[in-house]
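Participant: Residue-level listing of the chains:
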Amino acid sequence: MINKIVSTVEQAVADIGDGATVMIGGFGPAGQPEELIDALIAQGARDLTIVNNNAGNGETGLAALLKARRVRKIICSFPRQVDSQVFDGLYRAGHIELELVPQGNLAERIRAAGAGIGGFFTPTAYGTDLARGKETRLINGRGYVLEFPIHADVALIKAERGDRWGNLVYRKTARNFAPIMAAAAKCTIVQVHEIAELGAIDPEAIITPGIFVKRVVRVERAAIGSRAGFQAA
Amino acid sequence: MNKLNRDQMAARVARDIPEGAVVNLGIGLPTLVANHLPRDREILLHSENGVLGMGPAPAAGDEDYDLINAGKQPVTLLRGGSFFHHADSFGMMRGGHLDFCVLGAFQVSACGDLANWHTGAADAIPAVGGAMDLAIGAKQVFVMMEHLTKQGESKIVEHCSYPLTGVACVNRIYTDLAVIDVTSQGLRVIEMVEGLSLDELMSLSGVPMRSAQAEAYA
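Taken in sequence, the protein lines are chains W and D.
Residues 2 to 234 (the numbering used here) make up the first sequence, in order.
Residues 1347 to 1564 (the numbering used here) make up the second sequence, in order.
Fair warning: there could be bad hints in the mix.
Stated by the list, open to error - Short derived list, chain W residues pointing at chain D, Cβ under 8 Å:
1. G18
2. P80
3. R112
4. F122
5. P124
6. T125
7. G128
8. T129
9. F178
Hint data in this document are derived by calculation from the structure and do not stem from the laboratory.
If you're wondering where the values come from, they're calculated on a predicted model, not measured in any experiment.
Note that CB positions come from ideal geometry on N, CA and C, so glycine has one too.
Isolated chain D, as found in the complex (with noise of 0.2 Å):
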């Protein structure tokens, strides 16, 4: 089969954002989707540390310190952007008014429950930020992550083993291997990658799923 690679996994996802949408992309995976967003689309992106749109990264040398986004990196902002406090940010979220937001995760399990924030390690420190508040806020919550760790386990699991960012929050998950639905009669299979069957996907992840109608990425 045919893994897709990290900027497959986000054009993939990118896809699935609607012209007009209102959008959170998470740290890490996720910024990968911004660009990948259709042109021909205004999407306006947000970022929890107070801006709605959002533009892409600026030249070398424009860097603007008081202009980053959440993962603390310096960016853009588009003509018609705004700026606004923190409340303000997370009353959007909280409040249903962004559309989708797009969070990478270490598991989620089958009735949506997102583990993202912490492995709950006895010596890791615990650092939360906005991951739960996202993942209750948008109205449409993506996840977006390898289908497997690198030890091969499923990170789509019956119930998750870390602690939980969320419950029953999860919409959507994007993998490497899969489109799924988290619907509540269970995981609905809506795209796998050419080569891998619905039995071969339910054997590596251990977990019952049905096809929507099991069709091979074009």
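Excised from the complex, chain W in its bound form (with noise of 0.2 Å):
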């Protein structure tokens, strides 16, 4: 019987290693699977490379994964926020290394990861100094910037409901990374509110099919607006 489920947060991220390239999901806090993101600080992997499309917000979730020290690199588009202090002040003392990429770049290098692409020839950025040293391309009269693709060892990610084959459905714009991380890492880990019978979820709406996931754990609903360290930024 194939059951992805597993029962605590602990077990779901107990092999992530040192060195590790790990994906979270979550634009700000939305999607943001912090309770898997605090089991990894406390599980002690370091010298890891995140990519997310912030570098933390407030001093929870990936701020404090950040603060505790845990990460050399990493890839996202938009770094600076009113509430990255934690971010803002490792990449002041050199203790953290940059690589930004436009939104969309950072969307598509990860799709790309999962579909199997070698590389992809992209509008966006062109001419700009975030192509710079990058091979381009004029196509139809219009320039071009070579990417690759971003893949992961492991994706940590949060949808809404999920079931043990691992299919899954997200809530409203929590969604935003999730799908494209899922299908782009080794081993994709789920926090999921709710947990379905196999053939509960209608699956004309499974946006993310099991293939793409490896673990399920259920994780209680928290008042996210609430939270600490949340603020609109």
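Please assemble the complex out of the two chains, which come individually in their own frames, going by the hints.
Facilitator: See the structure below:
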């Protein structure tokens, strides 16, 4: 019997190794798998490369992982925010490497990894500093930049509901990067608010088919809006 | 002359968004455009974090932090609205499916180069987000900004001194002084505020412009 459900977040992240590349879902706090990140902090893996849209908000979640000095490098599109003080401090002190990627290129590079694409030409960033040193090509008179996929060892994501095969549905804009990260990582670990019986999720509505998922763990819903550290940015 | 205030600028941009358009409004000044879209037009707002058919801010107490806009503020969803993941969302831009985007800017050059993501200052932490994708993606790229910096320097320039967001990507510029089209023959002034002449506008801007048919704001 296929059963991807594990009972605790500690079990779910137990084998993440030092030096791993870890994708973390979320756009700011929406969709951020906070309990899995807390478990990763407790687990102790270090020298990590993190892929996320941002570089942490406030002092919790990704910001707490950064603060614990477990992250060697971050690949993201929008690190600087009103509440990114943890990242800002580490970056200014030279304690963290930043690879800045335009948001759509970040998404497409993650998607490409999951889809087995070896590289792609994109018009985004053509002629700008973020394309410096990259191969370019004129296609039908328009400038494009060659970009490569971003693969990961692990993806930590959050979904609304999942079943024992790993089929997932999300909630509103908390979906953001999760479906493409799920496909781009060797080991995708999902925290869900609800475990569904197999067959209970409408097959027409499944957003991430279970093939992309390794582990599913249930986490109680928290009142994100009231959580300390949340701030509109 | 009567400079437009931020709401008047937003109302002016909103007037040019037609029925049925799909629009992405950038963070900051462009967000104000949403408040001025004519109610008799059905216009779809796109937010790059994965919403089409975004509605206004919720009433106090009704915030849902799983439903936010690109500025990470709580929003609502209109009936018929949809959610999608980031690769689809940016495919909508890059694939040319968005009719308009409205962006803020530090500078726009006479040939439509846009600089709006980074001052290039040595101590600044760079952050780009979706700016570069929007700049090259939407069918029409509108820029909305004050005409002059606080120091009185023109933000419309011959060549951008700040790092570029996109090359020759801006179609129209809305400022507190004028509405200006970027054309292959240079900048073409569509409208100016009352009491401002084309010569004065050019002298403030320091770049050549021609008049479409200089008319005062209604």
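Participant: Against each hint, give a clear statement of whether it holds in the structure.
Facilitator: Structure-based check of each hint:
| no. | hint | result |
| --- | --- | --- |
| 1 | G18 | violated (27 Å) |
| 2 | P80 | holds (5 Å) |
| 3 | R112 | holds (4 Å) |
| 4 | F122 | violated (11 Å) |
| 5 | P124 | holds (5 Å) |
| 6 | T125 | holds (5 Å) |
| 7 | G128 | holds (4 Å) |
| 8 | T129 | holds (5 Å) |
| 9 | F178 | holds (5 Å) |
Hint compliance for this structure: hints 1 and 4 are broken, all remaining hints hold.
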